[in-house]
Amino acid sequence: MTLETPSIRTILPEGRRGETAPEARAGAGATTSAGAAAPAAHAPGAVEPRLVTRDFNLWYGTHQALKQVSLEVPDHSVTAIIGPSGCGKSTLLRSFNRMNDLIPGVRVRGSVRVSGLEVYAPSTDVVELRRRIGMVFQRPNPFPKSIFDNVAFGLRLLGLGNRTELEARVEDSLRHAALWDEVRDRLGKSALALSGGQQQRLCIARALAVEPEVLLMDEPASALDPTATARIEELVLDLKERYTIVMVTHNMQQAARVSDRTAFMLVGELIELGETRQLFTRPRQKLTEDYITGRFG
Amino acid sequence: MSPAQPSAPQRLQPRGPSWNRRAWNAGVLSACWLAAATVVLPLALIVWHLLAKGLPAMNLAFFLHMPKPVGEPGGGMANAIVGTLILVALGAAIAVPIGVGAGVWLSEYGRGRFASMVRYTADVLAGVPSIVVGVVAYGLVVVPMGRFSALAGGVALGILMLPTIVRSTEEVVRLVPRSYREAALALGAPRWRTIQQVVIPAASAGIVTATVLALARAAGETAPLLFTALGNRFWSLQLDQPMASLPVFIFDYARAPYEDWNRQAWTGALVLIMLVTLLSAVLRITLRRLPGRS
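Sequence order for the protein chains is A and C.
Position one of the first sequence corresponds to residue 123 (this note's numbering), numbered consecutively onward.
Position one of the second sequence corresponds to residue 8 (this note's numbering), numbered consecutively onward.
It cannot be assumed that every hint is accurate.
A few chain A residues that face chain C, going by a derived Cβ cut-off under 8 angstroms, partial list only [said to hold, decoys possible]:
id, residue
1, 169
2, 252
3, 265
Calculated directly from the structure, the hints in this document are not laboratory data.
These figures come from a predicted structure and were not determined experimentally.
Note that CB positions come from ideal geometry on N, CA and C, so glycine has one too.
Next up, chain C with everything else stripped away, as it sits in the complex (with noise of 0.2 angstroms):
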């Protein structure tokens, strides 16, 4: 494999590598191209399929309307998609508060047994099954509250979203330059006001990726969903009852004997997909609007 020596200076002559040495290089730089072809087709067949087997299904009326009782045509599920965008901003509003200030003081103030033991369980909690989430939302609101609800849905996936969000955090705002802080702590800013208006400003965009993916992640969950939020087949924006989400819809309508079910699961699909691809482009492009960015 050495380098051919350059010999006598007649024999200066380009000369390309071997044979052998091509066939090589040509049969793994192609495993490597297909490897990494590989990596785009799962997301590529899911999108060709949704699209094929969801958009016929799809108008105006699965959007608007309510389920029809089996046997009837049309109806959409105007409740689960409402009830997704609830369920998900119900977690939110529990994950980024608590994710994003335990990110923070993990990376400015975190030292000692406490802040590894924190860390250590943030990334357990990370591995835990989203089932197992939905036994504990269980446990925590749905027994002592009586009934399955909405509100403990948004636990559910609020748990599931914080460890993404806490860990993510952590990591953006150490990437936040010294010289930053050195900057404000020099002009007199205490340092709480320091991280308030210097640091985590600065890495406001990795915090709000980070956000995007757990709610992603979160937005598609139906086991958690199954026995806390349950589902419901009428409109209910009520927190306290049983609440209707995309994830649970398409559970059941893909189960179900009925082929205009088996149908509108399949749309229901592609609409959570659009959903969550909308939520992220939306916040992405609401950062870079952010003053002082360029």
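The shape of chain A in the complex, shown without the other chains (with noise of 0.2 angstroms):
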């Protein structure tokens, strides 16, 4: 567990949508050059897709776990990540927010950018950047804490100490995550007390509590039973309107049914990024004919 990176610079929050914790960002009044930063792929002018990765390899050790992945994610989409086991998907979600970073021996090259902020620059605040990409993870993890605390903790991690405030934006963020009316009469019970979908959800809530512009989905309904899962995938449909999503997953149909975009990986590569319908009835590749028909993986 290293590599938390000590510069306090504050990045600006550029195009975000509508205002969060004001007094929170108040500080970051310096402008960072985003839009002049863009890569030259872009015209001036045009908006860079909000998640761009370029050529982008990642090693665990000598292993190399991802290799020359270069895909751009549109704001407002959700864009869903297939392979086989080990195919890196996890592992390309991760570098997104650096949770890579945790594990000892990782060493990256190439490029990320998260609305226009180079992830891996070495001025890059990771603290300031994983307030900005929410994460959801395969088994739910809220804390062992009130399930308005759990929902609170980003907000309050921003500096937000206002009771009426917080308690407007946790409700807002358990409506937003479906959740409210489930258990809007006991805020104050532990969510461990609350089942397998309804934690999802909460951790779901407690990523939006505080706005991010990204959200990652790491195999978010693979723990839970049919039921809380086409809720997840509902919930996932219905927050595209305002947040751009990846998500993992292992389940084809589900990719099928919520995302725009579909990317298949294969050991370490990215074979294809397209269209969902697109991937899934004309595939460019025979590896992703292969695989989606159930010919190997």
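Mind assembling these two chains? They're in different frames, but the hints should get you there.
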């Protein structure tokens, strides 16, 4: 567990929707040159996609887990990453908010940009980066705290102390995560008393509370039963109106149901990325076709 | 010892184990039961003995009154009860922050030679006889101050508690699931806030248990107090003066050639055990009441 960059540079919340915790962001006065640093691939004035990787490589020690991955994720869309176990899809997802930093011996080469910010630049403040990228994990992982405190956690990190405002925003987040009606009368109860599906929606609410620009979901429904899975999928479709979502999934039907675009990965390489309908009906690559038709994997 | 081979189908009638086998089973099982019962025995004997001998002299005066001079009947150990509480609190004030801090550091950051050295030192410290710890506190505090004092006693008890708290805290913090840390870090919590707001609260039950164990052990220590806090027959709350404590009182009163004092020593011992039990019960109940636990 190393590699927390000590830099305290505040990143300009460029292109944020809505106002979030104004008092907490008040310090973000200095304008970083996010616009000026846009890659040459995009003409001046054109909006860079929310999430871009260019020739991105990642090694765990000597094992190369990602090879020359280049992809773009446009705003307000759901991108699914599919592929067999060990193909690097979770690793790729965790590269966007640098969660891989927690694993000793990780090295990277290439570029990942989120909202124009170079994720692996030495000057990037990892803490600030992670505040702008929400993450939902495979297994629901609420804190052993009350439901309210779970959702308020990120807001309090931002320095929001006003009880009335906290309550309003907790309610808001729980509504967006389609959990409010089930927990409104027991916000003070332990989050661990909720069912697995409710816990996962609570984790989504917790991530949404700080209004991230991107929501990363690492097989968010794989530990849940079909009913809870259906609720999560509905939720993803709702959330894409407001957020940019990247979702890793094992389940090809799920990718087909919820995503706009699908990326297929195999042993660390991005084989194909395209419109979901196109990828599942007329795959361009032979490997993709073999995988989606169940010839391997 | 191999199981009987099933031979012809007509012999499929259920047959229990042989007589021999049953006898062995009964013998070994009773031996295990006896060993388990023996574990309970010492505490049962202690409690029984203390109740039998200590209860008769226990009354309100014992808690509220000061010791009487030899020959005068009655009197209590009010100063010793309060003194023990103060000394243990002093020890805890020293050992809990340092111990929990060191334990968390060992668990979260402790790699390399320095960390192994700290672990090894804590283990050795746990094995140092308490009287030696008393001598150390004597040298560290009593000699420079020029007199025995409650402070010196607190330092001695603190050193005694330290290793238990350090190593237990390290263990329980290590048990906090990785997923909690990931969740907090992914929300943009800096490492220190993750530790402070997620990891330590999640480990708090274990940390309190470890602390209670350490406090309980320290509360009953006599040897390290003999030449640090010394003891005091009078009411004193001053930390730079000698202070009375239950274990030292019990020690003195039990050796004294007065029947009256001997009786009070038993009562003192009973009160000490009650105090420790009460302390751990209160801490556990408070912890269970913390929000977010169910």
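Structure versus earlier hints, numbers of those that do not hold, lowest first: Number 1 only.
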